[in-house]
Structures are given as structure tokens and as C-alpha cells.
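Generate coordinates for the entire structure from the input sequences, incorporating the hints supplied.
Chains as they are written, first to last, in our numbering: chain A, 1 to 56; chain B, 57 to 780.
Bear in mind the hints are in silico, worked out from the structure with no lab data behind them. Heads up, some of the hints might be wrong.
[What the hints assert, rightly or not] With a straight-line cut-off of 30 Å between C-alpha atoms, the simulated DSBU-like cross-links for lysine-lysine are:
| # | chain 1 | residue 1 | chain 2 | residue 2 |
| --- | --- | --- | --- | --- |
| 1 | B | LYS654 | B | LYS666 |
| 2 | A | LYS27 | B | LYS159 |
| 3 | B | LYS109 | A | LYS27 |
| 4 | A | LYS27 | B | LYS162 |
| 5 | B | LYS728 | B | LYS666 |
| 6 | B | LYS726 | B | LYS713 |
| 7 | A | LYS27 | B | LYS475 |
| 8 | B | LYS162 | B | LYS475 |
| 9 | B | LYS728 | B | LYS475 |
Bear in mind the structure is a predicted one, so any value in this text is a computation, not a measurement.
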Amino acid sequence: MTALLWLIPAALGLGALGLIAFFWSTKEGQYDDLEGAAERILIDDDGPIVDDEDEG
Amino acid sequence: MAPLDAASPSLDPAAFVRATGAEKRLDLAVQNARCAACIARIEDGVRKLPTIKSVRLNLSTGRLAVSFTGDDALAVSIIQTLDRLGYPAAPYTPDTGEDPRSKEEKRLVRALAVAGFASANVMLLSISVWAGEGEMDIATKTMMHWLSGLIALPAVAYSGWPFFESGWKSLKARAVNMDVPISLAVILACVLSIYETAMGHGAAYFDAAVMLLFFLLIGRFLDVRLRARAGQAARDLAALQATIAHRFEGDGSVKAVPATDIEPGDKLVVPTGERIPVDGRIVAGEGEVDASLVTGETQPLRVEPGAQAWSGMVNLGGPLTLTATAASQDSLLAEIARLVEAGEQSRSRYVRYADRAARAYVPAVFAMAGVTLVGWLAFGGTIHDSLMNAIAVLIITCPCAMALVVPAVQVVATGRLFKDGVLVKSGDALERLATADTVIFDKTGTLTEGRARLINADTLSPDALEAAAQLSRLSRHPLSRAVADTAGDGPVAADFQDVAGGGLMGRVDGRRVKFGSARWLNLPDTEDDAAQEAWLVIDDADPIRFVFADTLRSDATTAVTELADLGLEAELLSGDREAPVAAAAHALGIPHWQSELKPQDKIARIDALKDEGASPLMVGDGVNDAPALAAAHVSVSMGSAAEISRSAADLVIQGDKLTALARAIDVARKAKGRVMENFALANIYNLIAVPLAVFGLVTPLVAAICMSASSIVVMLNALRLTRA
Chain A
1 MTALLWLIPA ALGLGALGLI AFFWSTKEGQ YDDLEGAAER ILIDDDGPIV DDEDEG
Chain B
57 MAPLDAASPS LDPAAFVRAT GAEKRLDLAV QNARCAACIA RIEDGVRKLP TIKSVRLNLS
117 TGRLAVSFTG DDALAVSIIQ TLDRLGYPAA PYTPDTGEDP RSKEEKRLVR ALAVAGFASA
177 NVMLLSISVW AGEGEMDIAT KTMMHWLSGL IALPAVAYSG WPFFESGWKS LKARAVNMDV
237 PISLAVILAC VLSIYETAMG HGAAYFDAAV MLLFFLLIGR FLDVRLRARA GQAARDLAAL
297 QATIAHRFEG DGSVKAVPAT DIEPGDKLVV PTGERIPVDG RIVAGEGEVD ASLVTGETQP
357 LRVEPGAQAW SGMVNLGGPL TLTATAASQD SLLAEIARLV EAGEQSRSRY VRYADRAARA
417 YVPAVFAMAG VTLVGWLAFG GTIHDSLMNA IAVLIITCPC AMALVVPAVQ VVATGRLFKD
477 GVLVKSGDAL ERLATADTVI FDKTGTLTEG RARLINADTL SPDALEAAAQ LSRLSRHPLS
537 RAVADTAGDG PVAADFQDVA GGGLMGRVDG RRVKFGSARW LNLPDTEDDA AQEAWLVIDD
597 ADPIRFVFAD TLRSDATTAV TELADLGLEA ELLSGDREAP VAAAAHALGI PHWQSELKPQ
657 DKIARIDALK DEGASPLMVG DGVNDAPALA AAHVSVSMGS AAEISRSAAD LVIQGDKLTA
717 LARAIDVARK AKGRVMENFA LANIYNLIAV PLAVFGLVTP LVAAICMSAS SIVVMLNALR
777 LTRA
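Shown next, in the form of C-alpha cells:
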């Protein structure tokens, strides 16, 4: 039963950590552009993407 | 580039540049951006321009924020660049002030997160108590309960606040809403649990209390987010339709600024063909204006210095100079605003389904709890057991499912309509739309396009049409545009001259051509004044008459038929003169119509219909429709409508697609059906749960299972609407 003495605080602490992380992320605007964030990972920053010759 | 049209004069994007020190910011709404390649192309393309500091595209909202240090005129090249890349963009002024609704939304998200955290952790402890039933000694059990309480009580105090506040407000107003039994159940569950734990009996409802709050907050959050989204979409629409004003600066130059920046007393010039941006008094220039957005009348109005001009009128003559006046001081808009307010008050008497359910539900629950208490006492129960069971009735019947029934369905229905281009401005708008049985249309700008089209092109010789078109392509006058639209692209006239308030003249294939009003050409007035007209004179030949009219929208007939199929009787109420109204009513097969109505007359007709027991749906767009929109049972305005009409209406159709009306009614009716089903489900749940509670069979475990099961069933049923 003594395991409870540290298991319960550990569970609560981890939960509280998650809660704090969630508050931080909403405040920082992490959810403002969900679609953009998902697509931006695909952009290859190394090469030129806009080719002047290709533009109509 | 999209063709210019009379309703939206080309915007000078430089007017939307906001400067803070050397840094300038421009916000654009970009179309067609969908993928990673779009982000890269847009951001890289704009970044290549000189002096650009940062470019950021928000893909979810389609908004592009640009900051740069160069001249304001760079705004034009930014838009041109985007256009060339295939992403047409429009400048807009973003809201700076924070919307109270989005503030409430954020507060609810935090409450939801706290309730979620608390219910997960309390459940962790509760499950070990339930699993250890019979083995766990009472001391450990009590410790678990105290721990649960330690988590649950602060969480309830924080997350339950929206319900306590609203319940208390309603009690103070001597009414009872759903939040009263919710608050009571949560508070009683907490108090009872503290008492039980302190006494060492071992039945705690902390888990039920926080879980109840968690589910209820989901419903509340959905409800608020729905309203916040709709409000945001409506404000975006307004921001995108911002008009430009040309203001005289102190040094005599003219600068383009957003119309919202104009203050009373500012001197403005309104070029030919542009919309008057703000209300004002004309100080110089005279000519005709198209007032159809203001009065619904298609016949142009003559104005001269000293006359009052209203925002939304289109200048048909030469440039007008006017002094801006404050909107509140003038008689027309003040009167309209007063009528709108009166209409909205009468509408606020509508009782939403949820409140109607609460009215029936709350007394029943309290009565049931009372009967349980008295019953147990009468049959020899101890005071403790009797009280416990009475409170269990309150907790378990607590409208967890009830509070989710309406928001869950409305969020799904509104989301679907949003995809179809219909903005629903409030949840109860859908409820009212489902019960509409009569539809009242405005004519100008609603059933019709609200701008002139050439209607006798078939009877004109190709040579005459081409001659007129060569002049018209050089002019921004709405009638010229109508001619140019009909004739299509082509060459333009030589020696062109635009005579303000008169017409156009020039040289086509060596012939002198004049195109303009009968008065300017010294022609006798025609008897038929129902239509707008212009005359073409080539050299000394006989004048040729061009007739223009405001034509019906291409989908007007379909829309009226669809509404008739849904069982709605149509009526046409217009501020326009008799002939065009009768023609439109005849063409659409609308039997009841009235013309030359003032805003008050439209309200009178709506009130008469209401007295007959009908529920009229008003569809309109003009300033003159706003009071009728507010007074009707439910109302719809076009996306291109006057601002006051858009704000008075319950629903706004983006893209001016009339066929969306039938779709909206269909979805609203389906949503109503789903709400009723959900109420039935919630009642079935109560039929099972209440007897259990009355006979004292409810343990904390039973309460937790019953409440989450009922909420999930209701949610799933609402989601079925996405496919129907």
C-alpha cells in the first residue's frame, strides 16, 4: 500500500503537467493554424520552389 | 482579373496599409490556397518583392499577413503578384478589439481542460475503490475519497462557474433555466460527498460531479464556439466588403482611405460609378444616383447640392463632393435603426427548445426528489437514507444529456450549412427556420441582381450595339457597363469624351457617335418610364433606344419552386414601383405581391401574417428591408446586402445563391427532428434512471455509467446529421 504514497502524487503531477502544457499551447496560439502547420512540414526550404519561367 | 462591377468598385489596396513607425502592415484574404505548395509559392513570391520584411499565410483562415518598409504603393504589386500566381487576394482591415465571444470561448476551453484533468484523475481513484470493493479497508477508502475531493472541489469551483453564474442570474430574474438544476446537482453531490467521507460511510459522488461538468462543458463549449465562428464569419464578410472613400486632405489632395476611417465633417469625392461610402450631404455636383440598395427602387434618383445622400447609393452622374454626416443624426437611418430594435425585441420573446424543456423539466425533477424524500420517510426510512435518495434523484436526473441535446445537433447542422455558404448567426435561428411556413421576398437585389442589364439587345442592329459598346468600354457608368458586358471585349472609340450627367461621345469608324440620356441629346421623353433607357445617335441618323432593366437572378425561379415544394407560401414585398414588381412576381409565379412599400408597410404586412398565426421568413438585402428582417419570425439576407440588413438577419447567404435557402430550411428541419429524437432518448434514460434513484439503488458507479452513456448516445445521434 505504501506504493500509493508515491504513485498517486506521480499520477497527479503528470496530469497537472499535461494541463499546464495545454494552457501554454492555447495561449501561445499553437492551434491558430492547424492546417498550415500540417502542410508546412512538406515545404522543402533548400531549393527554389517558385520558378520564374513557370509562372503564367 | 475579375470584371469590375457596379456593386464592388475596384479597391485601392494602399488604403488598407497600416503603418507603425517605418514598418507597414497589410492583411489580405487570399483565395484558392489549399496546400503546402501554395504556402511556399505565395510566401516566396511575395518575399521576392523589394522591402518585404515578413510574409505569413494562415492556411486555415486563408489570411496573409505582410509587413514591409517601402512605399504604400507596394500593396498594389503584392496583390498583382498574388493574382499572377493564381491566388486572387482582397485587402481587409482585421479586427483589433477582442471579441467577447472568443474570450468566453477561451474561458470555456480552460474550464473544459480542468474538468477533463479532474475527472480523469478522480476516476483513477474511483475505479480502484470500485475494484477493491469488499477487500479495501475503510481507512484506505476514506483516504481515496479525501484525495478525490481534494482534486474535485477546486476543479468544480473553477469549471462549474459558468453554470453557477448563469443559474444564479436566472434565479435573480425569478426564472428557472437548465443551469439551476445542474448547479444544484453538482453542489449537492459535492456537499453530500464531503459529509459521507467525513462520517466514514464510504459513498462519494466526486467522480459524478466532475464528469457531469466535463460533459456539460463540452455542450456549452460547442454552443459558444458555434456562435463565435458565425460571428467571426459575419465580421469577415463585412471586412472584405469594406468600401474605399476618397477624402480631401488638408493640402487639397485626394487620398483613398477605408470608409470606416471617415469622420463626420470629412469632405469626400465620389467618382462616377462608385458607391457612396458614408452618409453625407452633397456640397458640389449634381446628377443621378442609384438608390436601389437603400429604397429598393430601381429608378435613379436626382440629387443636387444640399441633398442628403445615404451610404450604399451608387453615383451614376459626374463626380459628387459631399460632407460626411454622423449616422445617428440623420432621420432615415435613425428611424430604420429604431424599427430594427423594436423588431429584435419582439423576437427575443422566442423561447428556445432547451429553455422550453427546462421549464417542463425542472419542476418535474424537484417534485420527484420531494416525493422520494417523503416516500422514504413515510415507509420508515431513516432521515439520512431518505435525504441520500432524494439527492440521488437530483443528481441522476440532472440534465446531462438534456443540456447536450440542442448544442450537439446545432453545431453539426451549422457546420454543414457553413460548407454550403450559409452563415447561421445564432442557434435558435435554425429552430425558428424549421418552423417557417411563409416566405416573403424583397425584389431588388434579392430576387434580382440589383443592377441594370441591357434587355433589348436582340432588337438592336449589331452595328449600333458595337458603336455603343466602343464608347461604353471606356466608361464606368452602370449602364455603360451593362452595354459593355453584353457586347464583350473589343476595340474602343477615338476622341472619347465623358460628359458628366449627360452621356458619352466619340468617333467610331469615322462617324460621330453619341450615347446618353434623352435630355442630353434633346430628345422628347418617352411615355414608358418603367425602364431605364439610353439613346444612341450616329451622325444624323434616327436615335436608337437602349432599354435596361434589373433582371432576375438565374436561380430565382428554382429557389421559389423549391420553397413551394417545401410547403412555404411565397409573397413579394417591394419598395419599387408597380410595373417592375408585377413583372417579377409574374415571371416567378408569386401570386401575392405589393409594391411601393415603405419599411413600415413591410413590417405591417409581417405583423398581419403573424396575427394570422403564420411564421414568416423574410428574405431581403436593402437598408429598407432591415426592419422587416428584424420583425419577421426568421430572416435571411444576401451576402452583398447592406450592413444593417446583414446584422438584422438570422442567416446570411454568401455568394448570393438563392437556392441555398431551400437547403437551409431542409437542414433546419432535419436538425429539429434530431433534437426531438435526442429529447426522446434523454427521456428514456430518465425513465430507467429515475426509478433506480427513487428506490435507492443508485450507487456512485451506477450514476457514473448512466450519465456518460446517455451523453454519448445523444452525441452520436447528433453526428448522424452530417451524413443525412
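So, going through the hints one by one against the coordinates:
Only pairs whose Cα atoms come within 30 Å are accepted, and LYS654/B paired with LYS666/B is accepted, the gap being roughly 19 Å. Taking the CA atoms of LYS27/A and LYS159/B, the gap is near 12 Å; set against the 30 Å cutoff, the hint holds. Of the pairs offered as hints, the one joining LYS109/B and LYS27/A holds, with about 25 Å between alpha carbons and a cut-off of 30 Å not exceeded. Only pairs whose Cα atoms come within 30 Å are accepted, and LYS27/A paired with LYS162/B is accepted, the gap being roughly 9 Å.
Taken as a hint, the LYS728/B and LYS666/B pair is honoured in the structure, with Cα atoms around 21 Å apart against an allowance of 30 Å. Distance hint between LYS726/B and LYS713/B is fulfilled; the C-alpha atoms sit about 21 Å from each other, no more than 30 Å. About 28 Å separates the Cα atoms of LYS27/A and LYS475/B, which keeps this hinted pair within 30 Å; it holds. About 24 Å separates the Cα atoms of LYS162/B and LYS475/B, which keeps this hinted pair within 30 Å; it holds.
About 19 Å separates the Cα atoms of LYS728/B and LYS475/B, which keeps this hinted pair within 30 Å; it holds.
The structure agrees with every numbered hint stated previously.
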